[in-house]
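Undergrad: So the sequences go chain by chain: A and B.
Take the first sequence: its position 110, counting from 1, is numbered 157 in the working numbering, and each next residue is one higher.
Take the second sequence: its position 234, counting from 1, is numbered 252 in the working numbering, and each next residue is one higher.
Since the hints were derived computationally from the structure, they do not count as laboratory data.
The reader is advised that the hints may include incorrect statements.
As the list claims (entries may be wrong) - Below, simulated EDC-like cross-link-like pairs (lysine to aspartate or glutamate); rule was C-alpha separation at most 20 Å, straight line: (1) Lys276/B x Glu264/A; (2) Lys276/B x Asp265/A; (3) Lys207/A x Asp248/A; (4) Lys229/B x Glu169/B.
To be verified - Where chain B lies over chain A, by a calculated footprint (3+ residues, C-beta under 8 Å): (5) 54-61; (6) 118-126; (7) 129-141.
Said to hold, decoys possible - Among chain B residues calculated to face chain A with C-beta under 8 Å, some are: (8) Met250; (9) Gln251; (10) Thr279; (11) Pro281; (12) Glu287; (13) Asp288; (14) Ile290; (15) Thr291; (16) Arg293.
Here a beta-carbon is modelled for each residue, glycine too, at the ideal position from N, C-alpha and C.
As a plain string of letters, each chain reads:
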Amino acid sequence: MIAPRHILGTFDEALASLRNNVLMMSSLTERSLDRAMKGLFDRNDDLCANAIADDEEIDQLEIQIDRDGVAILLRFQPVASDLRRVVSAMKLSSNLERMADQATTIARRARKLNQHPPLAEVELIRPMYDHGMSMFKDSVDAFVREDVDLGRAVVPRDEKLDELNRTASRKLIERMAQDPEQLRGYLNLIFIGRSLERVGDHATNIAEDAVYAAAAEDIRHQSFVEAS
Amino acid sequence: MADSDPTVVERAGRPAEPPPTAEPGPPLTFEVKNLSIWYGEKRAISDVTLNIASNAVTAIIGPSGCGKSTFIRCLNRMHELVPKTRIEGNVLLRGEDLYSAAVDPAIVRRRVGMVFQKSNPFPTMSIGENVVIGLRLNGVRNQKFLNEHLEKSLRMAALWDEVKDDLHKPGTSLSGGQQQRLCIARALAVQPEVLLMDEPCSALDPIATAKIEELIHELKSQYTIVTVTHNMQQAGRISDYTAFLYLGKLIEFGPTTKIFTNPSERQTEDYITGRFG
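Okay, chain A solo, but in the shape it has when bound (with noise of 0.2 Å):
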């Protein structure tokens, strides 16, 4: 349901443009993530580049969305839908971050590793992208609709992306043993695969906030509370 206007209309004015640099952030994160796995797949250096490059965009997004948040809480002393669509902007934001930090880790283990032959061990970590994006995507677009039931769906699919990195680090320790002459090679994709798993957690966190952005629920560490 889209919620009328405030009488306030800046008010309405700094909550639209808090909202745009969120998406902003987002899609630069998305497309910092695609150059850098694009270049490990690809081989491609120059795209590796510009992943590492997109950083400090993001950065500074990080910073003007934390800038316009607090002055929101400051000057419009929000409430309500208002008050959790502030907070949880702010939060997403720092999950957006790093996430593109994650971006640059993977982009740089990607060009030491086109320095070499390829691997063909690097096909272990496409499932685990796929999964990770589509995470990460869904969440996002959670957060954006205000649709709790997409949100709270993100979360359990997490787990797949952990066993998805367990798999592929087992097999590349393995390979590891086999051949260390790769070494190195081997070890760059189980660092890339880690990135990729922090990916999920953070579309995680994000499917979290989404959710109790829109329905005031906190979903975080559920298994946590049930046990308790």
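With chain A's structure known, arrange chain B on it following the hints.
TA: Below, chain B alone, put in the same frame as chain A:
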């Protein structure tokens, strides 16, 4: 959660639910049941049912003309001072019907004190006389008793240190914020059970407002406080429970944290976020 809170009794358009009986709720000062009030032909309050918890601050919010002031005035029968007023329903003060024929309105107003939007110390009286006038009108002549209550009331209103050497000066010589605290001291002197406050800070600057808010926080350990405010941030700061009235109807009532973070009713959300009103 608000839904299980025994003070959350009614929302507009739904039948009043009885408080759950499984667990005892907080002690109640007022039980308002199906209250409607008319001024002549105009219905100012429509079928409001809610419980007001003891030793807590309940804020009444809503746009101008929604019936906030009428509602709190009916809690000490002040609205009866307006001609052609009619009431239906019940207001129980600690279980006793305020509107039964046997109840003297003057006694009700002693038990349920009131502080108004604009400070109104008696202009011909000194600071000290302003505070004890209620006791004098109730026949108290013992000067020692009056002096004790003068100091006690001014201390409770956080004004004693500022005026203790000027008790003989006119009440109107004080600043606006001090005058409002003097009125609170005057209300406290007759030892009421409840304090009603109708926009007590709307004429005050931010510092004086902060002092009154702090005072409200301190007083609630001894009194039940019901306050009307247009300032929603203030309602969020000072109250434990919030009732949202609109067009004379109770739209939503519950713990303030719930109302200001996740109201159940769309109208409440739109009002508190500044989308209508």
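Undergrad: Each hint needs a verdict: does it hold in this structure or not?
TA: Status of the hints after comparison with the structure:
The suggested pairing of Lys276/B with Glu264/A holds, with an alpha-carbon distance near 12 Å, which does not exceed 20 Å. Straight-line distance between C-alpha atoms of Lys276/B and Asp265/A comes to about 14 Å, which keeps the hinted pair within the 20 Å bound. At most 20 Å may separate the alpha-carbon atoms for a hinted pair to count; Lys207/A and Asp248/A meet this at roughly 12 Å. Between Lys229/B and Glu169/B the alpha-carbon distance is near 18 Å, which keeps this suggested pair within the 20 Å criterion.
Remark: the stretch 54-61 of chain A is confirmed as covered by chain B, as 3 of its residues place a Cβ nearer than 8 Å to a Cβ of that chain, reaching the required three. Check result for the stretch 118-126 of chain A against chain B: holds, 3 residues qualifying (beta carbon to beta carbon below 8 Å, three or more required). Coverage of the stretch 129-141 of chain A by chain B holds [criterion: at least 3 residues with CB-CB distance below 8 Å; count 3]. At its closest, the beta carbon of Met250/B sits 7 Å from a beta carbon of chain A; the interface hint therefore holds under the 8 Å criterion.
Checking Gln251/B against chain A by beta carbon gives a least distance of about 5 Å; that is within 8 Å, so the hint holds. Taking 8 Å as the C-beta contact cut-off toward chain A, the hint placing Thr279/B at the interface holds, the least distance being around 6 Å. Hint on Pro281/B holds. Least Cβ distance to chain A is approximately 6 Å, under the 8 Å limit. Using the Cβ-Cβ criterion of 8 Å, the hint placing Glu287/B at the interface with chain A is satisfied: the shortest such distance is roughly 5 Å.
With 8 Å as the threshold, the beta carbon of Asp288/B comes within range of chain A, its nearest partner Cβ sitting at about 6 Å, so the hint holds. At about 5 Å, the closest approach between the beta carbon of Ile290/B and any beta carbon in chain A falls short of 8 Å, and the interface hint on this residue holds. A distance limit of 8 Å between C-beta atoms decides the matter here; for Thr291/B the minimum to chain A is near 5 Å, and the interface restraint holds. The criterion of a C-beta within 8 Å of any C-beta in chain A is met by Arg293/B, whose closest approach is roughly 5 Å, and the hint holds.
Of the numbered hints stated above, none is contradicted by the structure.
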